[in-house]
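With these hints in hand, go ahead and build the complete structure from the sequences.
Per full-length UniProt numbering: the sequence shown = residues 1 to 165.
Simulated restraints, written as ranges between beta carbons of each label pair:
1. S123 to N62: 30 to 36 Å
2. E18 to S106: 29 to 35 Å
3. S106 to D41: 14 to 20 Å
4. D37 to T71: 15 to 21 Å
5. Q38 to G111: 29 to 35 Å
6. S16 to G108: 24 to 30 Å
7. E113 to R88: 19 to 25 Å
8. Q38 to V11: 18 to 24 Å
9. R88 to H33: 32 to 38 Å
10. R73 to S16: 30 to 36 Å
11. N82 to N35: 30 to 36 Å
12. S102 to K63: 26 to 32 Å
13. H33 to P84: 31 to 37 Å
14. G111 to D37: 32 to 38 Å
Hint data in this document are derived by calculation from the structure and do not stem from the laboratory. We put the CB at the ideal spot given by N, CA and C, even for glycine.
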Amino acid sequence: MTIPLSRYYVVELHASPERVSQIRRIVAAHLRHWNLDQHVDPVCSGIDELLTNVHRHVGEDNKCMVELRWTGRYLTAAVSDNGPELPRLPSAGGGGLARLASLSDSWGTCGTEEGKVVWFTRSVEAPQNVLRLPVAPVGGTDAAAKEPAPAAALAPAFVPSLASA
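Here is the structure:
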């Protein structure tokens, strides 16, 4: 069995309106490089919503971080900032977080020592042309050189007698 090579990208920025459009182009380029073209629009839209919320509720003077992680099965995008209040869907009024929920398979938020992280995930199958790495054997690479472990003694299986039928 082989698994796709894990991909990760992180950038720190001030959430000004100019930077939001720049980050959108950078994220789109990373997704295309990872052969995830069909996810560019929804992921970039989700990150736009999160960065706009940082600008609106925390302020553009504060730094935030955008992270992308693709494990071959899930693509996770996260924006962390130093704002103290956790966002809530009911207070979104059909705006940012409701839109984020419609663009993703799951989303969430959690507090950190510095502020909070808001993340969302999308299920992503690995394209056929992605570099894949072999999975190491369970016992390690030298497992074949080791002697097999003795089998545990098993209780005899119950076999019904034909004579009693």
